[in-house]
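Residue numbers (my numbering), protein chains in the order written: chain A, 579 to 819; chain B, 10 to 448.
Hints should not be assumed to be uniformly reliable.
Lysine to any residue pairs mimicking SDA-like chemistry, simulated, CA-CA at most 25 Å apart [what the hints assert, rightly or not]:
id : chain 1 : residue 1 : chain 2 : residue 2
1  : A       : K697      : A       : R739
2  : B       : K72       : B       : E136
3  : B       : K188      : B       : E216
4  : A       : K697      : A       : T666
5  : B       : K147      : B       : N48
6  : A       : K760      : A       : L771
7  : B       : K39       : A       : R739
8  : A       : K618      : B       : T19
9  : A       : K776      : B       : N233
10 : B       : K262      : A       : K696
11 : B       : K32       : A       : A785
12 : A       : K777      : B       : I315
13 : B       : K147      : A       : G621
These are calculated hints, taken from the structure and not from any lab test.
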Amino acid sequence: MIVLGSNSEVAQAFVEECLTKGEKFQTIYLLSSNSETTEKFVGHIQVKFFQNSEIIPLDLMNEIDYKTLENINSDVLFCASGYLGLSTEDGLYDDENTERIIDVNYAKLVPVLNFFAKKMESKRSGTMIVLSSVAGERGRQSNFIYGSAKAALTAYLSGLRNYLFDKKVHVLTVKPGFMDTKMTEGLPLNPALTASPKKAAQGIYKAFKNKKDVAYVLPIWAIVMLIIRNIPEFIFKKLKL
Amino acid sequence: MKPNFVQKVTNWGNFPIVEKEMKSEDSVSKIKKFVKDNNEVIARGNGRCYGDASLGEHIFSTKRLNKFISFDRLNGVIECESGVLLSDVLEVSVPQGYFLYVTPGTKYISVGGAIASDVHGKNHHAEGCFSEYVIEFKMVDENAAVITCSREENPDKFWATIGGMGLTGIILSAKFKLKNIESAYIKQESIKAENLDEVFRLFDESEDWTYNVAWIDCFQKGKNLGRSILMRGEHALKAELPTNLQKKTLKLKEKPKPTIPFYFPGFVLNSLSIKIFNFLYYNKQTKKQLNNFIDYETFFYPLDVINEWNKIYGKSGFIQYQMVIPKENGKEGMRQILDAIAKSGNGSFLAVLKLFGKHNPQAYNSFPVEGYTLALDFKVNKGLKKLVDQLDTIVENFGGRIYLTKDSMSRSSITNYLQNVDSPKFVSLQHKRIISNNG
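Just chain A, same shape as in the assembly (with noise of 0.2 Å):
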């Protein structure tokens, strides 16, 4: 298994959740532009599981030496790489912010799924599993530039499943609603609409083995989105979301 953004938790339940039902992989290549936490993850899973992983220094920021992950192969594909960033009221004229923001979620992203599409591509199989957000259905006040960079990556996620069905590769959106992880700590979010990231990892997992193209890890944020794409442009605009 390839993992993008691998210091994420969200990243790191995923690897365990597959681990415990059984998958077997030969390396697990951890992509991660933070190496404390993605070590210690190294000795986890050894501990845990006697499985062998690899770190692979990634930093979207930087250049990418695609050198380095020329001999990386693997059937699964996990990218959990994404950026928050500061919330409107503080980060909307702060240029690095957006940038940063941009860069991590989509521009400097695209051509590092790209270069594995390929990989996969070329081998006639594999399964591409790219955590995008809800907040890319529609833009709102507190976090459009987070949520259009988002949206920019889903619609890129929905053409390359396109390109790459009758290549035999699956192309996976998860649309994670609020999980309790280190991104999101501290903010007031709802506990009925928010995962673990042990149980977003369940039901991420769940969408990978039944070949699902796009999924929520909780049902309901299907049912809070589809309020929230329907509501009227005129409406939207008052709203204070």
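Please arrange chain B on chain A, whose structure you already have, making use of the hints.
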């Protein structure tokens, strides 16, 4: 949305509930910074202590310190971060033929919590507390520095932290020994005792068993006072298991776990419903003695089978009261305590009696001293403070003390026994309460 780390926090008893800052980190540098930036920090693991022991002004949750570090399968030594739960350890170790040397009645506590509470189990008389098997641990101390503590390295800090209720720092990781087992099953004998004298006698007779504990019906009065069932057990050897359990000796089948979906209304648990439960429990076993083989989950963690069982006590919550009374006067002390509870009508349907072995003199903050210990659950209600006060008086008169992991309202004279825990950096609400009540 802005991060706001102030939130409602409560432990297993749902009492007290406080609004305090709670943060969680997995990076050591950020943990050090949190300690440096704040006074009155307290670490919190899985929140399975009952009262206010792991509540404070600035709570550090170890939930993100949840990784294993190493497992030496040859020598049975495991190292993990402090937020790893005992249930996680068992999941890894049991299939390899290893069990925890010491485990409390729930497996959903963190390793850090096990050290800070120096937890005990049904084998205290034979194998002591959790700390006996701890080789070393790493912690962030009051200078916001990471130090390694063992019997050789920083021994003062090591012993102050054992049973020190988190008041010496934040434990980051620990290395400890595990016990060899041949099977995941326990050879158990359950013996009914009609009264307190009989159960005391049974404890004396069961001294050579590794595990023993008694469930006690605290509604019984007079000649039935102390009616109970003593359960004693040993890890089953492969050869002694019945043939149907021989095939997969170290692997248990996963059982479905029901969850209590909501807080029960306050009236559900009353003296009548508890009396009925106790009657059924005592009479379920028709024979005087029952010998069988049961899996370790059923033997050690009967309540873990139900998720969120604490909700049956309703929204007002409950307390657990656990005291120890030194052995020389223990029998009389227990009699007075059980008598007071029976008269109060504030019955507990989970009362557990046990005879502790010798106190480890090095682990001076560790709760268990040689004597009888009784653990009871009480629903929080108006009369509770008065009952606790009454029980506290008996405990005090008999020279006993209270288990701080359970305590949320007992008096200082029987709770203020920790030493070398006075750093202003690490303070819990419990410690503040105990110190301020001291007068």
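These are the hints, each one checked on the structure:
no.	hint	verdict
1	A:K697 - A:R739	15 Å, holds
2	B:K72 - B:E136	29 Å, violated
3	B:K188 - B:E216	20 Å, holds
4	A:K697 - A:T666	38 Å, violated
5	B:K147 - B:N48	20 Å, holds
6	A:K760 - A:L771	17 Å, holds
7	B:K39 - A:R739	40 Å, violated
8	A:K618 - B:T19	30 Å, violated
9	A:K776 - B:N233	49 Å, violated
10	B:K262 - A:K696	43 Å, violated
11	B:K32 - A:A785	32 Å, violated
12	A:K777 - B:I315	19 Å, holds
13	B:K147 - A:G621	17 Å, holds
The structure is inconsistent with the numbered hints 2, 4, 7, 8, 9, 10 and 11, although it conforms to all the rest.
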